[in-house]
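Chains W and S, in that order, are what the protein sequence lines are.
Take the position in the first sequence, starting the count at 1, then add 2; the result is the number in the working numbering.
Take the position in the second sequence, starting the count at 1, then add 14; the result is the number in the working numbering.
Calculated from the structure, these hints are not laboratory results.
Among the clues, some could well be false.
What the hints assert, rightly or not - Chain S side only, calculated, beta carbon under 8 Å to chain W, not exhaustive:
1) Glu25
2) Arg343
3) Thr376
4) His379
Note that the structure is a prediction, hence the values are computed from the model and not measured.
Glycine residues also receive a C-beta, built at the ideal position from the N, C-alpha and C atoms.
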Amino acid sequence: MNIKKDIAISDSGFVFDPTTGESFSLNPLGVKILTLLKDGDDQKEISDFVLQQYEVDSDTFENNYYDFLNMLKQFNLTEPQA
Amino acid sequence: MTNIMKKQKYERPIINRINAGVSNKFGTQTKINIISEIDGLAVKDLLKDYDSPLYVISEREIRETYNKAKQAFSTRYPKVQFAWSYKTNYLDAVCRLYHKLGSWAEVVSGFEYDKAIDNGVPGSNIIFNGPDKSEEDLTKAIKNGSLIHVDHFDELYLIMKLADKIEETPKLAIRVNMDTGIYPQWDRFGFNYENGEAWNALNRIMLNEKVDLVGLHTHIGTYIMTPNAYGVAAYKLAELAVRVDKKYGHKVKYIDMGGGFASKNTLKGAYLPGTDTCPSFDDYAEAITNALINSEIDPDNLPTLFLETGRALIDDAGYLLGTVLANKRLADGRRSTIIDIGINMLFTSFWYEHNIVPAQETTHHTEDTTIYGPLCMNIDVIRAAIQFPLLNKKDHVVISRIGAYNMTQWLQFITLRPNVVIIDMDKNVHIIRENETKKNFDQLEKVPEYLK
Ligand SMILES: Cc1ncc(COP(=O)(O)O)c(C=O)c1O
Numbered sequence: 003m004n005i006k007k008d009i010a011i012s013d014s015g016f017v018f019d020p021t022t023g024e025s026f027s028l029n030p031l032g033v034k035i036l037t038l039l040k041d042g043d044d045q046k047e048i049s050d051f052v053l054q055q056y057e058v059d060s061d062t063f064e065n066n067y068y069d070f071l072n073m074l075k076q077f078n079l080t081e082p083q084a
Numbered sequence: 015m016t017n018i019m020k021k022q023k024y025e026r027p028i029i030n031r032i033n034a035g036v037s038n039k040f041g042t043q044t045k046i047n048i049i050s051e052i053d054g055l056a057v058k059d060l061l062k063d064y065d066s067p068l069y070v071i072s073e074r075e076i077r078e079t080y081n082k083a084k085q086a087f088s089t090r091y092p093k094v095q096f097a098w099s100y101k102t103n104y105l106d107a108v109c110r111l112y113h114k115l116g117s118w119a120e121v122v123s124g125f126e127y128d129k130a131i132d133n134g135v136p137g138s139n140i141i142f143n144g145p146d147k148s149e150e151d152l153t154k155a156i157k158n159g160s161l162i163h164v165d166h167f168d169e170l171y172l173i174m175k176l177a178d179k180i181e182e183t184p185k186l187a188i189r190v191n192m193d194t195g196i197y198p199q200w201d202r203f204g205f206n207y208e209n210g211e212a213w214n215a216l217n218r219i220m221l222n223e224k225v226d227l228v229g230l231h232t233h234i235g236t237y238i239m240t241p242n243a244y245g246v247a248a249y250k251l252a253e254l255a256v257r258v259d260k261k262y263g264h265k266v267k268y269i270d271m272g273g274g275f276a277s278k279n280t281l282k283g284a285y286l287p288g289t290d291t292c293p294s295f296d297d298y299a300e301a302i303t304n305a306l307i308n309s310e311i312d313p314d315n316l317p318t319l320f321l322e323t324g325r326a327l328i329d330d331a332g333y334l335l336g337t338v339l340a341n342k343r344l345a346d347g348r349r350s351t352i353i354d355i356g357i358n359m360l361f362t363s364f365w366y367e368h369n370i371v372p373a374q375e376t377t378h379h380t381e382d383t384t385i386y387g388p389l390c391m392n393i394d395v396i397r398a399a400i401q402f403p404l405l406n407k408k409d410h411v412v413i414s415r416i417g418a419y420n421m422t423q424w425l426q427f428i429t430l431r432p433n434v435v436i437i438d439m440d441k442n443v444h445i446i447r448e449n450e451t452k453k454n455f456d457q458l459e460k461v462p463e464y465l466k
């Protein structure tokens with residue numbers, strides 16, 4: 003999944019989408035993952051990173067990860083699929 | 015040497031849309047409250063020891079609230095007597111605690127009456143209210159010298175008939191309904207004040223030598239937010255007392271103002287939380303005692319003021335503890351959290367926006383959330399829209415202020431009722447009602463031979 007190139011992500015947890023004018027707030031892990039996605043990391047790379055850094059098992063994270071991707075789609079922060 | 019890095023605490027990734035300047039139905043929340051312990055005992059330990067879900071009653075909070083209520087009235091009026099309204103919570107341990115604190119019993123059925131007797135309440139300290147008193151119930155109540163609050167003329171005539179046969183003189187009060195300026199007016203119980211029915215009933219009682227008029231009663235409704243309505247009600251009962259005294263030279267021993275004080279719960283659709291809007295015991299006490307003291311009642315013969323306060327005394331002392339079963343995403347992106355507490359255990363969720371909070375530390379991040387119970391029923395909604403922190407499966411939640419009506423109006427529906435415990439003043443935990451088992455229900459059912 004590709005994240006829109008022109009969204010602005012701030013370290014403090016805010017995201018601005020200039021194409022719609024909408025703003026979003028994220029928690030720290032949300033910011034981290036969105037940044038990794040924007041940089042082109044795939045699911046495996048993101049998952050490895052999170053499992054290494056955080057107290058979480060892979061099933062729980064996978065579940066939460068897909069939920070998060072769905073929300074990004076819901077908020078139109080992803081590029082329409084070709 | 016290997017560098018073992020300590021992993022960070024995990025919180026799942028979330029994103030929320032910011033709606034600048036627009037407040038939505040999920041409300042805004044800046045600070046996340048948690049309840050991790052009750053009277054010094056950890057919620058997680060209580061759930062480990064007594065299973066989830068779990069009802070918890072705090073003796074400390076029962077005592078503190080009772081003392082506050084008592085103080086509000088007894089500092090303003092010389093003779094005050096509380097009567098515990100059994101229907102609010104009739105677990106025997108709870109009733110006995112109120113009796114220990116000095117409360118009499120207020121009951122509305124033969125079942126509740128027998129419970130009060132079994133709880134050691136002298137018959138003369140039981141107030142018997144309600145429209146459903148059988149001939150057998152009335153006979154028992156007359157013989158025990160209980161205070162019978164007559165609801166309608168059919169009942170009055172039955173009592174007069176019984177009085178012919180029974181040696182003891184029935185002690186009667188009438189329940190009066192009236193316009194106190196609040197809507198809806200509860201006019202289905204008792205005799206109406208404005209149309210003269212109440213006065214008529216009083217005359218009939220006074221003209222019958224076999225019955226004794228001892229009191230006047232009203233219960234103007236429940237969760238009444240306007241203390242002034244009580245002032246109006248107390249004034250009208252005082253007026254009836256004065257008229258009886260003038261015409262018959264007979265003084266009633268008490269005026270019973272019923273229950274109905276609001277607890278600090280928030281009603282559905284209310285703009286502000288109940289903690290901000292609900293009157294204090296002092297507000298109610300001021301309105302009622304002013305009306306009585308300023309009435310024409312002879313100050314040397316003030317009647318005792320009875321109060322049948324239910325929810326305002328016990329709501330705060332009750333907690334419902336539970337566990338997150340799952341998180342789900344609804345079609346429109348809203349999060350839903352499913353917990354093991356259903357509306358079958360939280361009857362009051364039909365009219366309250368119950369306060370529900372996590373039992374463990376969370377971050378300040380929240381999501382628009384709907385909290386569902388575990389029942390396979392669309393109506394099983396604990397909170398339709400709340401800003402809620404990110405809880406995971408197996409995390410614990412606490413619903414506070416549930417002491418009134420839930421442990422009597424609960425339903426055996428789909429799941430079985432869980433344990434109820436009380437935490438005593440020394441922080442000891444006692445089971446006061448065991449969790450139900452399938453066996454309990456099997457005992458009551460019978461399968462006809464042909465279906466075996
Ligand atoms: C006659 C009577 N007294 C007292 C109560 C207790 O009311 P509350 O819990 O509102 O104080 C009720 C409740 O309906 C009642 O019907």
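Hint check results:
no. : hint   : result
1   : Glu25  : holds (6 Å)
2   : Arg343 : holds (6 Å)
3   : Thr376 : violated (11 Å)
4   : His379 : holds (4 Å)
Violated hints amount to a single one, hint 3; each of the other numbered hints is respected by the structure.
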